[in-house]
Amino acid sequence: MVAGNLARLRYRPLTLYLGVYPNDTETRQVAEALAAAHPGSVEVIVNTLDGPTSKRQMLNEMFAQVYAQPAHGPDLVVLHDSEDVIDPRSLLVYAAFSAGFDFIQIPVFSLEAGGRSLVAGTYIEEFAERHTGEMLVRDSVGASIPSAGVGTCVGTCLSRRLICHMLAHRGQVLMPGCVTEDYILGVEAHRAGFKSTFAAVQQDTPSGVHAEAIVATREYFLRHFWASIKQKTRWTYGIAFEATRKLGWRGNAWDVYFFFRDRKGVVANLLPAVSAVLMLAFLFASFDGTEVPDYFWAPFSFIIYLNSMAIAWRLWTRVCAFKEVHGRYDPLWVAVRWLVGIVVNAVAVLRARRLFLGPSRFATRPVAWSKTQHELPDDFGGEPAAPEPHPHRIPQSRTASAVGVSR
Amino acid sequence: MYNTVLLYAMLTAGILISVSSLDDLFIDLLALRIGRRQPADPLAQLPVRAPELPPVVRHLCRQLARI
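Same order as they appear, the protein sequences are chains L and B.
Residue numbers for the first sequence follow our numbering, so the first one is 1 and each next one is one higher.
Residue numbers for the second sequence follow our numbering, so the first one is 1001 and each next one is one higher.
A few of these clues could be false.
[Said to hold, decoys possible] With the C-beta cut set under 7 angstroms, the calculated list includes, among others, these residues of chain L facing chain B:
hint: 1; residue: Pro-88
hint: 2; residue: Gly-133
hint: 3; residue: Leu-271
hint: 4; residue: Leu-278
hint: 5; residue: Leu-283
hint: 6; residue: Ala-285
hint: 7; residue: Tyr-305
hint: 8; residue: Leu-306
No lab work stands behind these hints, which were simulated from the structure alone.
For each residue, glycine too, the CB sits at the ideal point set by N, CA and C.
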């Protein structure tokens, strides 16, 4: 991650801060070797606690150490996971937008998983659709911008002003005791009066707009079924249950509306699976139409028709979103991945509900933070010539990182 | 009785799906209606432009224009 990103990122001055645990001697040695090899560009932050803790604790520790003397801290800090493929143009975007904004989020897209991994593929359209549609609307109407990835910290840029404000008021930048602290930070920044934006910028090339035209963070998402469910359970619990408890519904009409959208998944994500079960029960039942009053059929038919149209429209928008981000039409696999995504999301909601009703006692107690294992393209450490990543992948280690840049 | 309950359960689920779908459609329409808010000079150092409409919406518009 460090070698690959230092080779790709031309923006200077820039410092990569690597957070490591004191008891993770192997990772610490590697990080310190990188710092020695790249003096001034890489700095190692050693956590005061033994690991593993959580990404939130690690990032808060890094903020505290880097901004121990606020005047010496970087102007902007970009949060990234170690598996992120940082767009070299993104730092220019942050620098340009930082003149007017304190919280800047760029789009996040999934790299296409090699071998047509259906589970990893479910993230492709989910992020493509959300980050070429809803996030732009949120930005345009002035609603709060959640840190992208909702549960991952990828491509989020914070100004020194915002960081120092959070440190002064809470002692920590990210809210303690929650599992989607980055989502919460976006809302908190908005409520504190800081200006947020979703910086969707695309770059045309002489040959026209290409698949990598949008300045975005790209990464491989999880490809194993249960790992994906575990991650989405955390997202669902964190956003729909925990954030509701901690943030409430306070805000203007747009804020409330987008809270509703963020939280409706606890019901909406179950509906397709429930409907399928009901439909099967209906098909296998010995149905007697005389039991049902006549007035029932008109609204029932209307709903069936409306939902059929809605499914067709949604599939079309997903196909188009995929085309915009990845440069080609793939309707068959988009449809297949959608079905897989419905199953993953439904199971994740059920597990999140169980977490909410059980161990968290209605989100009043912190729950264990579960780290998910990610991967990088295996040629990522080299020069960044080819924008299209190699499909083979390697496992990555358990570090968090932040990029400090000056305007 | 069983069939009636089943059908009403299906109708309820269908109505909830419709509400959620209409909500999503509302966002799609907003994305059509609202263009990108552009900073005065987004990236002077790069030949970059911010799209006036979300990419997926522009694409849909192009497709609709062909019909």
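Measuring from the C-beta of Ala-285 (chain L) to each C-beta in chain B, is the shortest one below 7 angstroms? holds (6 angstroms)
When the nearest CB of chain B is found for Tyr-305 (chain L), is that gap smaller than 7 angstroms? violated (10 angstroms)
Please verify that hint: Leu-306 (chain L), Cβ, nearest Cβ of chain B, below 7 angstroms or not. holds (5 angstroms)
Using 7 angstroms as the Cβ threshold, decide whether Gly-133 (chain L) counts as touching chain B. Hint holds; Gly-133 (chain L) Cβ to chain B Cβ min 5 angstroms, cut 7 angstroms.
Holds or violated: the hint that Leu-271 (chain L) contacts chain B, with Cβ atoms closer than 7 angstroms. With a minimum Cβ separation of about 5 angstroms from chain B (threshold 7 angstroms), the hint on Leu-271 (chain L) holds.
Checking hints one by one. Is Leu-283 (chain L) an interface residue toward chain B, by the C-beta closer than 7 angstroms rule? violated (10 angstroms)
The hint names Pro-88 (chain L) as touching chain B; please verify it with the least Cβ-Cβ distance against 7 angstroms. Violated, because the Cβ-Cβ distance from Pro-88 (chain L) to chain B comes to roughly 10 angstroms (cut-off 7 angstroms).
Using the nearest Cβ pair, does Leu-278 (chain L) come within less than 7 angstroms of chain B? holds (5 angstroms)
Hints 1, 5 and 7, counting from the list given before, are not met by this structure.
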